[in-house]
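S.K.: Each chain, letter by letter, is given below.
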Amino acid sequence: MSSAFELTYPETPRQDNETQDSLHPRLLTSPVVLQATGVTKSYRKGKVEVPVLNGVDIEVVEGEFQAIVGASGSGKSTLLHLLATLDKPDSGEIFFEDNRIDNLPAASRDILRNRYIGMIFQFYHLLPELTALENVLMPVMINHGVVSYMMQRWKFRKRAKELLDLVGLSHRLKHRPREMSGGEMQRVAIARSLMANPRLLLADEPTGNLDRAAGEEIMSIINELNSAYDVTIIMVTHDMSIAAQADRTVRLAEGRVESVSFQS
Amino acid sequence: MYKLLLSWRYLKSRYIALASIVSVTLGVATLIVVNSVMAGFSDEMHKRLHGILSDVVIRSHDLNGLPDPQWHMDEIQKLAGDQIEAMTAAIQIPAMINFRDNIQGQWITQPITLIGIDQQTYAGVSDFSEYLLHPDNRQQLDFLLKENDYGRGKKDRFPVSGWARRRVSAEWQTNAANAQTQQDGIDAADIPASPFPLVDDSGIEGQGETVEGLDNGVPGVPFQSVDEPELVFDPATEQHTGIVLGISICSVRGRDADGEVMDYYFALPGDDVKVTFPNTGQPPKAVSDSFTIVDFYESEMSEYDSSFAFVPLSKIQDLRGMVDIQSGVKSVSTIQLKLKEGADLNAVRDKLQARFPIQQFGYQIQTWRDMQGPLLAAVQLETTILNILLFLIIAVAGFGILATFFMIVVEKTRDVGILKSLGAPSGGVMSIFLGYGLSLGTVGSGVGLVLGLLFVDHINTIAGWIEQVTGQEVFDPTVYYFSQIPVIVNPVTCVWVVLGAIAIAVIASILPARKAAKLHPVEALRYE
Ligand SMILES: Nc1ncnc2c1ncn2[C@@H]1O[C@H](COP(=O)(O)OP(=O)(O)O)[C@@H](O)[C@H]1O
Ligand SMILES: [Mg+2]
Numbered sequence: 001m002s003s004a005f006e007l008t009y010p011e012t013p014r015q016d017n018e019t020q021d022s023l024h025p026r027l028l029t030s031p032v033v034l035q036a037t038g039v040t041k042s043y044r045k046g047k048v049e050v051p052v053l054n055g056v057d058i059e060v061v062e063g064e065f066q067a068i069v070g071a072s073g074s075g076k077s078t079l080l081h082l083l084a085t086l087d088k089p090d091s092g093e094i095f096f097e098d099n100r101i102d103n104l105p106a107a108s109r110d111i112l113r114n115r116y117i118g119m120i121f122q123f124y125h126l127l128p129e130l131t132a133l134e135n136v137l138m139p140v141m142i143n144h145g146v147v148s149y150m151m152q153r154w155k156f157r158k159r160a161k162e163l164l165d166l167v168g169l170s171h172r173l174k175h176r177p178r179e180m181s182g183g184e185m186q187r188v189a190i191a192r193s194l195m196a197n198p199r200l201l202l203a204d205e206p207t208g209n210l211d212r213a214a215g216e217e218i219m220s221i222i223n224e225l226n227s228a229y230d231v232t233i234i235m236v237t238h239d240m241s242i243a244a245q246a247d248r249t250v251r252l253a254e255g256r257v258e259s260v261s262f263q264s
Numbered sequence: 001m002y003k004l005l006l007s008w009r010y011l012k013s014r015y016i017a018l019a020s021i022v023s024v025t026l027g028v029a030t031l032i033v034v035n036s037v038m039a040g041f042s043d044e045m046h047k048r049l050h051g052i053l054s055d056v057v058i059r060s061h062d063l064n065g066l067p068d069p070q071w072h073m074d075e076i077q078k079l080a081g082d083q084i085e086a087m088t089a090a091i092q093i094p095a096m097i098n099f100r101d102n103i104q105g106q107w108i109t110q111p112i113t114l115i116g117i118d119q120q121t122y123a124g125v126s127d128f129s130e131y132l133l134h135p136d137n138r139q140q141l142d143f144l145l146k147e148n149d150y151g152r153g154k155k156d157r158f159p160v161s162g163w164a165r166r167r168v169s170a171e172w173q174t175n176a177a178n179a180q181t182q183q184d185g186i187d188a189a190d191i192p193a194s195p196f197p198l199v200d201d202s203g204i205e206g207q208g209e210t211v212e213g214l215d216n217g218v219p220g221v222p223f224q225s226v227d228e229p230e231l232v233f234d235p236a237t238e239q240h241t242g243i244v245l246g247i248s249i250c251s252v253r254g255r256d257a258d259g260e261v262m263d264y265y266f267a268l269p270g271d272d273v274k275v276t277f278p279n280t281g282q283p284p285k286a287v288s289d290s291f292t293i294v295d296f297y298e299s300e301m302s303e304y305d306s307s308f309a310f311v312p313l314s315k316i317q318d319l320r321g322m323v324d325i326q327s328g329v330k331s332v333s334t335i336q337l338k339l340k341e342g343a344d345l346n347a348v349r350d351k352l353q354a355r356f357p358i359q360q361f362g363y364q365i366q367t368w369r370d371m372q373g374p375l376l377a378a379v380q381l382e383t384t385i386l387n388i389l390l391f392l393i394i395a396v397a398g399f400g401i402l403a404t405f406f407m408i409v410v411e412k413t414r415d416v417g418i419l420k421s422l423g424a425p426s427g428g429v430m431s432i433f434l435g436y437g438l439s440l441g442t443v444g445s446g447v448g449l450v451l452g453l454l455f456v457d458h459i460n461t462i463a464g465w466i467e468q469v470t471g472q473e474v475f476d477p478t479v480y481y482f483s484q485i486p487v488i489v490n491p492v493t494c495v496w497v498v499l500g501a502i503a504i505a506v507i508a509s510i511l512p513a514r515k516a517a518k519l520h521p522v523e524a525l526r527y528e
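Just so you know, the sequences run in chain order V and C. Each residue of the first sequence is one higher than the one before, starting from 1 at the first, in the working numbering. Each residue of the second sequence is one higher than the one before, starting from 1 at the first, in the working numbering.
Derived by calculation from the structure, the hints in this document are not laboratory data. Please note: incorrect hints may appear among the correct ones.
To be verified - Using 30 Å as the maximum straight-line C-alpha spacing, the simulated DSSO-like pairs for lysine-lysine come out as follows:
hint, chain 1, residue 1, chain 2, residue 2
1, V, Lys47, C, Lys515
2, C, Lys12, C, Lys47
3, C, Lys12, V, Lys158
4, C, Lys146, C, Lys315
5, C, Lys154, V, Lys88
6, C, Lys338, V, Lys161
7, C, Lys78, C, Lys351
8, C, Lys47, C, Lys338
9, C, Lys12, C, Lys338
10, V, Lys88, C, Lys515
11, V, Lys47, C, Lys146
12, C, Lys12, V, Lys45
13, V, Lys45, C, Lys315
14, C, Lys47, V, Lys155
Just so you know, these numbers come straight off a predicted model, no measurement behind them.
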């Protein structure tokens with residue numbers, strides 16, 4: 001995954017913002033990146049089984065920005081973790097680019113998360129002992145052994161700096177997480193999620209812990225990633241104004257997809 | 001790559017873990033100090049024992065000893081001549097020594113081991129001559145009293161001895177005798193004690209009674225007759241047969257008023273002593289004779305220094321009657337061998353044992369290690385036990401590391417979740433914590449190694465400081481014969497100690513590391 005991050009613009013620019021009953025025409029022919037069918041998951045609390053997901057079907061196409069909304073506790077994070085292969089569904093299937101991923105062996109799932117799927121979280125989840133730059137470099141450090149990393153480190157560092165520049169943090173390279181604001185930490189997390197040049201970005205309420213201004217800044221970066229760099233994004237949120245910016249909004253309720261709406 | 005980076009960062013940011021490793025550091029340092037001192041002690045003991053004892057000793061417990069030593073030596077030469085460097089015959093018998101203490105003027109009696117040696121060859125089988133005090137005797141012992149200069153180059157504060165002392169002493173003796181004849185009626189006890197006593201064969205202090213008592217009142221000659229020449233013996237110019245005494249037989253080590261370590265001598269070269277030992281009669285009778293101390297023997301092993309006394313072989317053979325009446329061949333009681341460098345002690349011993357089977361000859365054939373086996377084994381055992389105990393201390397430290405690491409893993413739960421969400425495999429997460437343990441162990445035992453080596457290097461200085469602070473002597477030279485604490489740093493031991501400590505640190509981090517590796521990524525991410 002050492003190929004440089006390509007700065008190419010999508011062919012068809014977006015225009016309006018009407019509610020539709022299908023995807024925007026520019027996405028209609030796009031291949032499916034991620035597909036989940038009949039996914040169920042329940043947690044065991046003592047002797048009681050607590051069902052969280054009762055058969056969820058979703059589909060994400062390349063270049064799409066999809067929002068997942070729902071009440072707190074409706075299982076949005078759980079779904080996202082399943083999509084990221086951080087956890088296994090009790091039943092149902094998940095496909096990534098036509099490959100079934102929910103039953104992959106651990107080593108393959110590790111590679112998938114490391115190189116193909118980027119994640120950002122509500123609480124940023126940066127490593128506190130590392131600087132911003134080192135946090136961004138973490139995915140390639142995991143991917144490469146000492147020798148291989150050291151041989152390519154200038155290339156990696158260059159790319160990490162470019163990404164930090166992209167999120168507007170080129171002046172914070174040497175800062176530790178605790179020396180940064182929430183918005184800055186989330187921007188570092190975004191840069192980290194892009195380091196391996198993933199096909200898919202999963203975001204779990206990335207603005208949930210930020211004030212309005214910082215949240216808008218993060219949203220503008222995410223929007224830019226989607227529109228300018230064509231990154232496919234699945235974002236969990238309960239902020240309807242943010243969901244309104246998405247191509248497709250999936251509403252979860254009682255462990256099922258309650259409704260799907262499209263914007264254009 | 002991330003494993004290295006994170007292990008390093010955790011090491012830098014967690015001083016609590018460094019505290020847990022201090023016990024490892026101390027354990028390692030102590031182990032190195034203890035091992036070095038024990039190795040020093042044991043090496044010093046080996047050297048001294050080996051210096052005192054010859055490599056292989058053939059010994060007959062028969063009072064008559066080992067007849068015809070020359071035949072035995074020829075046999076031995078035939079058997080293992082290529083491995084033998086030197087050989088000597090000697091007599092070793094229990095004896096009693098009497099002399100007058102020149103501090104208190106009292107008679108002192110001590111049990112000794114009397115060794116009759118052939119001065120030409122005896123020095124060849126052990127370091128015997130190195131331990132003598134007079135420089136000339138160190139070259140070649142001749143059992144003749146020297147003028148003075150005892151202890152030159154060895155003990156610089158040695159009192160005046162030799163002829164210089166003997167003449168003064170004899171003069172005083174004569175004066176005292178004259179005073180006694182002039183002032184008749186004065187009790188002998190009123191005469192002040194001689195500063196330098198000479199044993200007087202006329203027996204001022206009731207020598208006759210002692211011997212009579214010993215002989216159970218059997219009338220007649222009290223001793224197996226010792227042919228004392230009827231000539232007048234002038235102690236100022238003549239000496240009896242020379243005897244080399246173990247230095248502790250007639251000296252004690254103590255402190256003077258200023259607390260300085262001092263040796264106090266009850267007798268010195270130039271003084272006369274009386275030695276009593278059994279002859280070869282059936283049953284044996286006590287024989288005694290006067291000897292003049294011609295030198296001291298100081299091996300610094302108190303066991304030997306307080307019991308060995310050396311006299312010329314032929315003198316003992318004559319006194320004890322160890323002569324075959326028909327052939328005129330004189331017998332001995334031991335034959336001592338020194339083997340060539342690198343010769344196999346036990347092999348030679350076994351060969352000799354096969355040649356002189358105990359059933360037939362009754363000889364005890366031993367190497368010096370056999371003779372000092374229990375002592376050497378005790379030192380070895382002590383070292384082993386200390387090592388086990390100290391390693392247990394490091395193992396205890398291991399549990400400290402275990403606890404600390406569990407704490408750190410709990411604290412780092414979210415980090416583990418983050419790493420796993422970024423695609424780090426469980427094995428990688430585990431090796432972060434193992435690497436952490438490894439680096440802590442390495443740092444801890446490395447520092448311990450340095451501390452230990454520094455301590456060993458300055459151990460005598462440190463002993464001095466402790467002495468100053470507590471006023472208590474750490475290493476009392478009146479107890480031990482070493483003036484310095486002997487140390488030997490064995491690099492192999494150091495490597496083992498360090499490796500052992502690192503291994504314990506790593507083993508202690510295995511459980512926490514496994515716990516970290518097994519954390520479920522989602523739960524770890526949700527962890528607050
Ligand atoms: N490890 C767990 N054990 C038991 N219940 C859990 C566990 N994780 C989540 N849940 C429950 O699953 C439900 C969905 O949680 P989550 O996916 O975090 O919801 P959301 O992200 O939509 O707020 C919640 O009711 C939560 O209490
Ligand atoms: Mg959530």
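S.K.: Run every hint past the structure and note whether it holds.
M.R.: Results for each hint:
Between Lys47(V) and Lys515(C) the CA atoms are separated by roughly 25 Å; this keeps the pair inside 30 Å, and the hint holds. For the hint linking Lys12(C) to Lys47(C), the alpha-carbon distance of about 48 Å lies beyond 30 Å, and the restraint is violated. For the hint pairing Lys12(C) with Lys158(V), the CA-to-CA distance comes to about 26 Å; that is within 30 Å, so the pair holds. A distance of roughly 20 Å separates the Cα atoms of Lys146(C) and Lys315(C); the hinted pair therefore holds under the 30 Å criterion.
For a cut-off of 30 Å, the pair hint linking Lys154(C) to Lys88(V) is broken: about 85 Å separates their Cα positions. For the hint pairing Lys338(C) with Lys161(V), the CA-to-CA distance comes to about 79 Å; that exceeds 30 Å, so the pair is violated. Distance check on the hinted pair: Lys78(C) and Lys351(C) sit about 11 Å apart at the alpha-carbon level, within 30 Å; holds. Between the alpha carbons of Lys47(C) and Lys338(C) the distance comes to roughly 14 Å, so the proposed pair stays at or under 30 Å and holds.
Of the supplied pair hints, the one linking Lys12(C) and Lys338(C) is violated, its CA atoms being roughly 60 Å apart against a limit of 30 Å. About 20 Å separates the Cα atoms of Lys88(V) and Lys515(C), which keeps this hinted pair within 30 Å; it holds. Our distance criterion of 30 Å between C-alpha atoms is broken by Lys47(V) and Lys146(C), whose separation comes to about 102 Å. Under the criterion of a C-alpha separation no larger than 30 Å, the hint pairing Lys12(C) with Lys45(V) is inconsistent with the structure, at around 39 Å.
Proposed proximity of Lys45(V) and Lys315(C) is contradicted: the alpha carbons are some 101 Å apart, above 30 Å. Distance check on the hinted pair: Lys47(C) and Lys155(V) sit about 65 Å apart at the alpha-carbon level, beyond 30 Å; violated.
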